[in-house]
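The listed protein sequences derive, respectively, from chains H and A. Per the working numbering, numbering through the first sequence is continuous, rising by one, with the last residue being 395. Per the working numbering, numbering through the second sequence is continuous, rising by one, with the last residue being 141.
Read the hints as simulated data drawn from the structure, not as lab findings. No experiment lies behind these values; they were computed from the predicted model shown. A hint or two may mislead.
[As the list claims (entries may be wrong)] Computed Cβ-Cβ distance ranges for the label pairs, DEER-style:
1) A/Asp80 / H/Met390: 31 to 39 Å
2) H/Gln346 / A/Asp46: 40 to 48 Å
3) A/Arg74 / H/Arg379: 33 to 41 Å
4) A/Asp22 / H/Gln346: 31 to 39 Å
[Stated by the list, open to error] Derived SDA-like pairs: lysine to any residue, alpha-carbon spacing no greater than 25 Å straight-line:
5) A/Lys43 / A/Gly18
6) A/Lys121 / H/Pro375
7) A/Lys43 / A/Val17
8) A/Lys53 / H/Glu378
9) H/Lys115 / H/Ser127
10) A/Lys6 / H/Arg5
11) H/Lys304 / A/Met8
12) H/Lys389 / A/Val17
13) H/Lys210 / H/Glu50
14) A/Lys43 / H/Glu388
15) H/Lys210 / H/Pro18
16) H/Lys389 / A/Glu28
17) A/Lys6 / H/Glu50
18) H/Lys318 / A/Asp116
19) A/Lys6 / A/Asp94
20) H/Lys210 / H/Ala44
21) H/Lys389 / A/Glu88
22) H/Lys389 / A/Asp94
23) H/Lys389 / A/Lys121
24) H/Lys318 / A/Asp94
25) H/Lys304 / H/Ala382
26) H/Lys47 / H/Asp22
27) A/Lys53 / H/Pro375
28) A/Lys53 / H/Gly319
29) H/Lys304 / A/Ala99
30) A/Lys43 / A/Asp24
31) H/Lys115 / H/Asp128
32) H/Lys304 / A/Lys53
33) A/Lys6 / H/Trp112
34) A/Lys43 / A/Glu88
35) H/Lys389 / A/Asp116
36) A/Lys53 / H/Asp22
37) H/Lys304 / H/Ile376
38) H/Lys318 / A/Val17
39) A/Lys53 / H/Lys236
Glycine included, C-beta positions come from ideal geometry on N, C-alpha and C.
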Amino acid sequence: MTDNRVYLDNAATTRTDPRVVDAMVPFFTDTYGNANSLHAEGRAAHKALEDARSRVAAAINAGRPDEVLFTSGGTESDNSALIGLATAGGRAGGHIIVSAFEHHAVLEPAEWLGKHGFDISLLKPRSDGVVHPDDLRAALREGTVLVSIMHGNNELGTLQPIAELAAVAHEGGALFHTDAAQTVGKVEFDAQALGVDAASFSGHKIYGPKGTGVLFLKRGTRFAPYLMGGGQEFHKRSGTQNVPGAQGFATALEIMVAEREAETGRLTMLRDRFEAAILGRLENTYVNGIDSPRMPHITSLIVKGVEGESMLLHLDAKGIAVSTGSACSSGSLQASHVLMAIDCPQEIAHGSLRVSLGRWTTEADVDYLVDSLVPIVERLRAMSPVYEKMFGQKA
Amino acid sequence: MLYSDKVMDHFGNPHNVGVIEDADGVGEVGNPVCGDMMKITIKVTDDHLDDIKFQTLGCGAAIATSSVITEMARGMSLEDAVRITKAEIAGELDGLPPAKMHCSVLAADGLRAAVDDYLVKNGREPISGGPEHVEEDEQGQ
Ligand code: FES
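Take these sequences, add in the hints, and give me the full structure.
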């Protein structure tokens, strides 16, 4: 699949790095024991699991390895953080704040809690794609128990001031969780410096295996287990541990951290090259959050007067994979809730295109995207019954 | 959500794109569900569609259904043209994903609006407006 394809949807998922696959293989076929068994096979698996845990803890600067819980992915980490923190100690009500542009893996459990005794506030980011600490301060109430705000937005690429937001939440007496699935390894994540109580990570966003994730849970934080059973993961997440997955996650994250500085520079250069070229060559086009702190690999492009799905399909035919927040491309025919949250009008969100670069993206790929996208947009605008009327010019 | 090869063919190489400059009838419709727009222009001879062109701002299905309806309707009598249903359009494309059926309504509506526009311009009664498409008028589209 990688031959002749230009994959620019790395915020959706990444190709597993062959180095990660190599690191995992022995834990399927050689060290295959159950990490909870007492015999030699079990002890070997346990050692591998704890080795992975320590490596992850070091990579995110957790205070202790047992603050790292292995899960089945970002969705489980987010779901269990929201529900486990909210309902800890038998708590049945209270006020919870989540940002309005969270991933659905946070929004849906928040909504569920809202139907089960909790009071939920959706906190809007500003139009720059950032949740401002002052806005959080204003949203806190007596009885706010939990705040969840993502580290980096998956559609916009904008980074949130997590250390400040966590401090504000703590001043108000609330716990703070962040969904860091998009950011971990791409920008620095230091659990102690950020001061968060919980954080969610996903393996497949960092060139690791799908079906792997981590929940960071600060020691001493009360938490109601979401998966119950054999009491694995310090009684916080039952289920026989996925040792190859944990090893794969740890290796993937270590590679991210080791290569981060060089990779950030390289991706930023490619992203800026793409943005400058496309904005220079296409009228009525802009980049969301362009002046905000952003991750290096995501561009949220708005091409006015063109529908996103039609751009996506034409690019796909040219061998390029990207994504869009257009209503037409979603099963629900709703424009992306992220774009709505930053007050992007529906007809503008219609023309959104997300380009997310990755480890194997080259300058030639980015140039090919620009050279492909420009004529596609010109052709679609020429086909539009309203483009001339809307913008007073021919495409 | 997957499109049939026929949809992708029409989307990739749409037929009859453009505007007939001296059109006899013009139909402009918008899709209240997702904000797409379509314009159909027609040439009429002896109450038959001589020529038909479209412009569409919309998704893959909206473009493919616009393209296929121009092929289906060309040469048809006005009476027959206004009876083309969304199901027939979808059938001609080997089916559409359920969420995309409304896009074929847009195409059918655009054609009906163009035919009615021709008739009204010539002092005749409009002939379309069956229940399948009434809802858009009710929504003030
Ligand atoms: S017209 Fe928007 S979904 Fe097809």
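Which hints, by number, does the structure contradict? Those not satisfied are hints 3, 6, 9, 17, 18, 21, 22, 28, 31, 33, 36 and 39.
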